[in-house]
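Chains as they are written, first to last, in our numbering: chain A, 8 to 190; chain B, 161 to 294.
Treat the hints as calculated values from the structure; they're not laboratory data.
Please note: incorrect hints may appear among the correct ones.
Said to hold, decoys possible - Derived contacts from chain B toward chain A, CB cut-off under 8 Å, selection only:
1. D198
2. G199
3. H214
4. A218
5. V258
6. M261
No residue lacks a Cβ here, since even glycine has one placed at the ideal position from N, Cα and C.
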Amino acid sequence: MDRKKIIFIGPIGAGKSTAINAVSDTDAVATEAKNSDTDIVDKATTTVAMDYGELKLDDNNTIGLYGIPGQRRFNFIWPVVSKGAFGCILLLDASHENCWDDLDYFLKSFSKFSEKGSLIIGLNRAEDVEACIKKSQDIVQDNNFALPVFVGDPRDRNDVCMLIEALIANVETQIFLGEFSDE
Amino acid sequence: MSENTIFSATETHVFHKSLKKACNNCAELITVVMATSDGHVVASETASKTLDTHRLAAMAASFTGLSYTMASEVNMGSVKRASIEGTNGLLLSQLIEVKNMEFAVTAIFDKDIKTGLAQYALKSLVADLLSCFN
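Next up, chain B with everything else stripped away, as it sits in the complex (with noise of 0.2 Å):
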């Protein structure tokens, strides 16, 4: 299991808060995850009871790395969010940088969700979580 040893478990549960406030804010939201960008679990929040967040982090970083490589590649100019459509939900991922570090956060959305509004969702999240660092 890979646990995050950067964060002070008092700094691990101000990022839990805000993941729990998006949760709060969203019907549609049911997991995020902030993990760092190479795969330990920062925070976590998730309504299922079988998903497993640490592997989901570890996917989350490889998918935003993959992700961010191929934009590159094919020069796609600056990331925004990668995302993954499926039939039964939506998943948004995004790599933030802050204070040298990187994490990438990934929410996923049941299929209820507007494309629109999951955007908003995790751009709000995201603007709370960099706030946390000030």
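Next up, chain A with everything else stripped away, as it sits in the complex (with noise of 0.2 Å):
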């Protein structure tokens, strides 16, 4: 059996521990504390060290599904959760204001999957979807990157799913454009 690990980053509130909860095949693990940035995100509880859950998939191989805390003070962590991870999954709350900024320094703060293409972005609560994915796609080529960006609802188990799927797809895309290269 072959596991792989994929880690969901984004700020507070993006959704990351609701994905992984909407797709996670066994009770999701949660490190929640009550939220006092209450004045960010109105919410009541907020992932202070890691998510956790798992994916099996139809080839008996499992996905281990890994949450950051998206507040900046645990950046600490961020190397330790994302460590030995393919890939990762940023995801954004297009509706708030600081969205464009994060999706910045998240591309910034993850640029060793950002470099190499094995990261996606998923933008939830995009209302104008058109002008949402220009605005995420002209960050990406201002910093040099190109990365598939999506719309999608993280409390939607075939949203994440299919944000999984273009992940993997988008990995094995560059492994094989690599070992072009190579020859």
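Fit chain to chain and form the complex, with the hints in mind.
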């Protein structure tokens, strides 16, 4: 049995824990504490260490789903949680005023993944879908990356599975292109 | 930097007095941080000139969060505190809940401390902090 690991990244309130809960085939493990940043995101609790869930694939393989705490003060734990991951899904709340700054910040903070194309972006609560995707792509290109952007609902299992499948496909494409360019 | 926005300067001063008293009562207690359970510093006292107490507060929140979750996962029952023993000292961290708020209280002792004394020092400090809310 093969075990792969992906991480869900993004700011507080982006839907990381929700997405892991939506797709995990086991009871997701959460490290929740009372949220005192209610001026930023109005929710009762927030992740302080990590989330963990598992997605079982048809071929008997399992994907470990890890979520980071999104507040920047927790950046010390991000390398710990992301160690050994083959890719990451960056979730963002497109209706939040800091969305685009957060996109830029997380692309840079997880450049290890952005640079090699093993990161995809999932926009949540995007009202003007076309404009949001365009804005995201502009920021991605400004950082000299080429990364796919999707719109979806982290509560919806199908949407989250689509993001995971897209990530796997993108990583496989990058590996294939890498091997092709080595020849 | 993660500043505490829950308490006024006067309230924070009261907590700080408790932390200072704990350090005065235990020579081996070198750093103590009271943080919200999501990693904001409420008050801190340290003998170290280089320690970033804001960073420590965030780490304390992660540490206690993960420790308490692990304890629950393996049915350890009610958790008293989480600890790290190193060659240079001992760290104890405890989550306290009061008036619908949660705090992580973290105490770092130098290597000369006896574990029982460290536990007693943290227990006394927690009792003192809880009395501040009455």
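> Which of the numbered hints above does this structure break?
Replying inline: 5
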